[in-house]
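The primary structure of each chain is shown beneath.
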Amino acid sequence: MDIVKIIGVGLIALIIIVVIRQYKPEFTMYVSIIAGAIILFLVLDKVTGIITLLTSLSKKTGINSEYLSILLKITGIAILTEFAVSICKDAGETAIASKVDLGGKIIIISMSIPIISALLEIIMKIIP
Amino acid sequence: MEIDLLFKIAAIGILVAVLHQVLVRAGREDQAMMTTLAGVVIVLSIVIKEISTLFNNVRVIFNL
Chain G
1 MDIVKIIGVG LIALIIIVVI RQYKPEFTMY VSIIAGAIIL FLVLDKVTGI
51 ITLLTSLSKK TGINSEYLSI LLKITGIAIL TEFAVSICKD AGETAIASKV
101 DLGGKIIIIS MSIPIISALL EIIMKIIP
Chain Z
1001 MEIDLLFKIA AIGILVAVLH QVLVRAGRED QAMMTTLAGV VIVLSIVIKE
1051 ISTLFNNVRV IFNL
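Chains G and Z, in that order, give the protein sequences. Everything in the first sequence is counted per our numbering, starting at 1 for the first residue and increasing by one. Everything in the second sequence is counted per our numbering, starting at 1001 for the first residue and increasing by one.
Hints listed in this document are in silico derivations from the structure and should not be mistaken for laboratory results. On a predicted model such as this, the values are computed, not experimentally measured, just so you know.
Computed beta-carbon distance windows for the label pairs:
id: 1; chain 1: G; residue 1: 93; chain 2: Z; residue 2: 1060; range: 27 to 37 Å
id: 2; chain 1: G; residue 1: 21; chain 2: Z; residue 2: 1027; range: 24 to 34 Å
id: 3; chain 1: Z; residue 1: 1026; chain 2: G; residue 2: 1; range: 49 to 59 Å
id: 4; chain 1: G; residue 1: 44; chain 2: Z; residue 2: 1028; range: 42 to 52 Å
id: 5; chain 1: Z; residue 1: 1027; chain 2: G; residue 2: 111; range: 50 to 60 Å
Taking lysine-lysine and the DSSO-like style, the derived pairs with C-alpha atoms no more than 30 Å apart in a straight line are:
id: 6; chain 1: G; residue 1: 89; chain 2: G; residue 2: 46
id: 7; chain 1: Z; residue 1: 1008; chain 2: G; residue 2: 89
id: 8; chain 1: G; residue 1: 46; chain 2: Z; residue 2: 1049
id: 9; chain 1: G; residue 1: 59; chain 2: G; residue 2: 73
id: 10; chain 1: G; residue 1: 46; chain 2: G; residue 2: 59
id: 11; chain 1: G; residue 1: 89; chain 2: Z; residue 2: 1049
id: 12; chain 1: G; residue 1: 5; chain 2: Z; residue 2: 1008
id: 13; chain 1: Z; residue 1: 1049; chain 2: G; residue 2: 99
id: 14; chain 1: G; residue 1: 46; chain 2: G; residue 2: 5
id: 15; chain 1: Z; residue 1: 1008; chain 2: G; residue 2: 46
id: 16; chain 1: Z; residue 1: 1049; chain 2: G; residue 2: 73
id: 17; chain 1: Z; residue 1: 1049; chain 2: G; residue 2: 105
id: 18; chain 1: G; residue 1: 125; chain 2: G; residue 2: 59
id: 19; chain 1: G; residue 1: 5; chain 2: Z; residue 2: 1049
Glycine is no exception: its CB is placed at the ideal position from the N, C-alpha and C atoms.
Start from the sequences and build out the full structure, keeping to the hints where you can.
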C-alpha cells in the first residue's frame, strides 16, 4: 500500500514542477528536493525493520557485529550521496555531482579498511 | 508533513512570480526583486529544515 503513496508523491511533485517551470524555473529544484526527501522518509520506515532482522540474524550466526555496523554505515553513506548526486545532476551541475560521488566513494573505502585487512589476514592463514 | 509541503512551496513559487510581475508592471523593480528574494528565503528555510530532519533520521537509523 505504501508504494501507492510513493508513486503519488512522485507524480504530484512532477505535476507541480511542470506547472511552476514557466513561472519560476529555480523553484523546480526546491520541489524536487522536497519530493525526494518525502519519499526517502517513507522508505526509511521500512529500513528499520530490515536492520533489526539483519542484526538478529548476525547474532544467531555469530558474524562479528562490528563488520555488520560498518556495512550499515556504508549503505547509509551510499543512500545520502546518491540523494545529493541525483539532485546535482537534475540541476545540471554534473561537475559537483561527480565530486560528491568521488567523496562518497573515498569515505566508503576508508571505512571498509578493517574489513579488507581482516580478509587479507584470513587469506594469509589459508595460504601456507 | 507529507504532501502539503509540496503544495506550500508551489503556492509560494506562484505567489512570488505573480507579485514580481505586478510590481514590475507598477514600475517598482526593486520591490519586485525584494519579494522574489523573500520568497526564495522562505522556501529555502522550509527545504533546509526538511533536509536536516531527513539527514538526522538517516544518521540515527544507520548510526553513522
